[in-house]
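Participant: Protein chains in written order, with our numbering: chain L, 13 to 289; chain R, 13 to 289.
Bear in mind the hints are in silico, worked out from the structure with no lab data behind them.
Heads up, a few of these hints could be off.
If several chains are the same, the list does not tell them apart, and a pair holds so long as it fits within one copy or across any two.
Stated by the list, open to error - Calculated pairs, SDA-like style, for lysine to any residue (alpha carbon to alpha carbon, straight line, at most 25 Å):
1) Lys288 with Asn127
2) Lys289 with Thr99
3) Lys288 with Asn276
4) Lys111 with Lys229
5) Lys101 with Glu256
6) Lys136 with His218
7) Lys141 with Lys229
There are 2 protein chains.
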Amino acid sequence: MGYYCSSLRPFSHLLMETLTLPPFSCRRIGSRHGHSFFRCSPSRLISWRAETTMSGLGNLGAQSAQKPILPEISGVEEALMGFISGTRKATEVAQAVWKKIVWKGDTVIDATCGNGHDTLALVKLVADKSGKGRVYGIDIQQSAIDSTFSLLEMSADEHERKLVQLFEVCHSKMEEIVPKENPVRLVAFNLGYLPGGDKTLITMPHTTEMALRAASKILDSKGLISIIVYVGHPGGSNELEIVEAFASSLPAETWVGCKFEMLNRPTAPILVLLFKK
Amino acid sequence: MGYYCSSLRPFSHLLMETLTLPPFSCRRIGSRHGHSFFRCSPSRLISWRAETTMSGLGNLGAQSAQKPILPEISGVEEALMGFISGTRKATEVAQAVWKKIVWKGDTVIDATCGNGHDTLALVKLVADKSGKGRVYGIDIQQSAIDSTFSLLEMSADEHERKLVQLFEVCHSKMEEIVPKENPVRLVAFNLGYLPGGDKTLITMPHTTEMALRAASKILDSKGLISIIVYVGHPGGSNELEIVEAFASSLPAETWVGCKFEMLNRPTAPILVLLFKK
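Only chain L is shown next, with the shape it has when bound in the complex (with noise of 0.2 Å):
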């Protein structure tokens, strides 16, 4: 049996032999510049082991001399009257948000990677002394995954990119990445193509469906799944669909499903928030 997660990009089943390993378990193919680096080809995973900090994965590391971009995450009271006046996107009001749900020393998931604005962000949150908090970054693009590689290692500090681990996937595999031990506070999606990449690469009805509900099984009570949903591009109305009738199937009495929308802007990006009671 095959799972499609990208109409261009099929997968074999020897992605299904490869994840049902844990993943912990993938090969190490060696190391550079301080990282061991692992790949589970043809899905690949990619986790931090530095003894070093301010490396680089082959000639992304050139982009470490760039200024860092850190992630700047505003208030919700901020976020929410900037969106309601038209100076906040709804992707700050859903990290606005995020800084209320997630705790220090949590487990979330960045269910799509994308230029790895939303994973670097992520590890800011979770981040402490502790060691504790994980974050699972997870694209279907090879692109994707090594731009988020390359964004911690400009912005995340040694200890911040140790509690991430970043997955060439389908995003609706995550209940195979995530040990089942690591209760997930938030899962959050970026639905669309990725940004400034080849827009005929897009997340798929199918597969978003999947992982939706992939997502509402592995979250633990009191926890988010965030979905921007960019409905400017060819699809996007079909995965709006999608995403409407899986939040409206959600019983009442556990969940919250909220979608906050521009009416006179029918392309801006809508937010769709869903709160496990």
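With chain L fixed as given, assemble chain R onto it according to the hints.
Facilitator: Frame of chain L, contents of chain R only:
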């Protein structure tokens, strides 16, 4: 030409004649308990010119012995996080947002007084020693105006009551009520039926659209139209369609129109906020 503000309460041309008069010239029909009382039949205007406090209008005054109901508006963060987690209602989000938009001394409109809770909340927001604030409370139902009067008698002080004027008239007439020299900071709508009242008397889509259009004209820059749509009653979905169509028609250059709704509680009230840039 007749104007119908309710399917059950047609207004005659007499109303139009009355409303073409400046409302403040309505006939003073007497005073009770130290308040002057104005009536513009078939519409009514109630305006306080208090010399004493804690008195009532006829038998409504009997309620003044009850514990005062004071508005407690939470912060935006508390309201939004509560909305997301299922402990706060859309009305509470709306009121929290008003608190950040409305300043002391502003002119505001409660376009659907209902039982008066929003009118009371609004006068607390605009009242200060300058005495510049104004609250125009409008409702087509006499019982709503009476309830609002009674609530203000109980829970607003003499100084606050002086800032309120109540109109028993269709809210589509708001342009004729508010003096042109008063820029309006907020127009609040609670669309549906009067809580605890006759559920067959509902706001009507046609006059709702007229009222929204009127509100958009008299609203000041940086002002807000706040609309709660109760979709759980017959006609609620039609009304939502009207509100969404109106919001969608607003140019994105000068307006921000956003909607907050519960996806897995289809009868939960929906909040629409229209911010004039």
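Participant: With reference to the structure, classify each hint as holding or not holding.
Facilitator: Do the hints match the structure? See the list:
{"no.": "1", "hint": "Lys288 with Asn127", "result": "neither (28 Å within a copy, 34 Å between copies)"}
{"no.": "2", "hint": "Lys289 with Thr99", "result": "between (31 Å within a copy, 10 Å between copies)"}
{"no.": "3", "hint": "Lys288 with Asn276", "result": "between (30 Å within a copy, 12 Å between copies)"}
{"no.": "4", "hint": "Lys111 with Lys229", "result": "within (22 Å within a copy, 38 Å between copies)"}
{"no.": "5", "hint": "Lys101 with Glu256", "result": "both (20 Å within a copy, 20 Å between copies)"}
{"no.": "6", "hint": "Lys136 with His218", "result": "neither (31 Å within a copy, 51 Å between copies)"}
{"no.": "7", "hint": "Lys141 with Lys229", "result": "neither (29 Å within a copy, 56 Å between copies)"}
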